[in-house]
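Novice: If you want the building blocks of each chain, they are given just below.
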Amino acid sequence: MTVTWYVVLSAVLFAIGAGGVLIRRSPLVILLCLELMLNAGNLALVAFSRAHGNAEGQVFALIVMVVAACEVVVGLGLIVAMYRRRLTLNVDDMRSLKG
Amino acid sequence: MIYVAFFAGAIGAVGGAIAVIAMRNPFYSVLALVIHLVALAGLFLLLYAQFIAAAQIVVYAGAVMVLYVFVAAYVGAVEEPLWEPIPGQRFLAPMLAAALLVELAIAILGTGLSAIDSGGPTLPGGFGTPNQIGHLLLEQFLVVFEAASMLLLVAAVGAVTLAARSRKRDEPDRARETPA
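Order-wise, the sequence lines are chains A and B.
Using my numbering, you'd call the opening residue of the first sequence number 1 and step up by one each time.
Using my numbering, you'd call the opening residue of the second sequence number 100 and step up by one each time.
Since the hints were made in silico from the structure, they are not lab data.
Glycine included, each C-beta is placed from N, C-alpha and C at the ideal position.
Some clues are possibly wrong.
[What the hints assert, rightly or not] Rough simulated footprint, nothing fancy, chain B against chain A, three-plus residues with beta-carbon under 8 angstroms:
hint, stretch
1, 1-13
2, 18-26
3, 39-49
[Said to hold, decoys possible] A few chain A residues facing chain B, derived, Cβ under 8 angstroms:
hint, residue
4, Leu-32
5, Leu-34
6, Glu-35
7, Val-67
8, Val-73
9, Leu-76
10, Ala-81
11, Tyr-83
12, Arg-84
13, Leu-89
14, Met-94
Next comes chain A alone, as it looks inside the complex (with noise of 0.2 angstroms):
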């Protein structure tokens, strides 16, 4: 099992994430997509870290693994906090930085 298809299965991932981007409005859906790209990312690092025997990619993967909490968690709130204000939950819809 050679690592390319690691990495060519994370390149596909990244691009389905990708997708998802620019085809979905809703925004937590968006953020969904979000995770699929990190993800691929992730998986990638754990397979070069694999392919040169160095677990320093696994400490990267886990510090992307903190990164997307914390997106998550500030995403989240917004989507919460949108809601509130009886914003529509459209990405379309919130063209204004003005709240």
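Since chain A is already given, all that's left is putting chain B on it; use the hints.
Specialist: Just chain B now, with coordinates in the frame of chain A:
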């Protein structure tokens, strides 16, 4: 045997990912993402990353997905309008994603990296165990570790600030109907 495990994980991961963007209801998208994450954890195990796989299951598929499920249930199903801000976006967006995939595939398959075409070196025992990751985090990457903890703290405070009910604003009726 390893091929069977890899392809089972790959099919689970790709199927879960496609289900995430294909489901109309965000709630089902979240459940599909759980499948994707569990399949990915299996792939991490194949790559000798036991600790990452365990953290993926416990932190991601466990804690983070519970957060998503709560928010999806709180917000409810969002209907996505058929109106397109850019004409032809429904066809353009998948084509852009496909172009990205082709580009990445060309970069990967045409790379000059020698390690990518091998299965990797024979690993020493204890590779990817919590023991090794802990030594790396606390000896070599201590600053990164502390920065990550600061980042988590800032994100938690930010989320509380964002989602907290502001008293000054003219709060809509919805907040009174559903006390969180």
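Novice: Need the list of violated hint numbers for this structure, in ascending order.
Specialist: 5, 14
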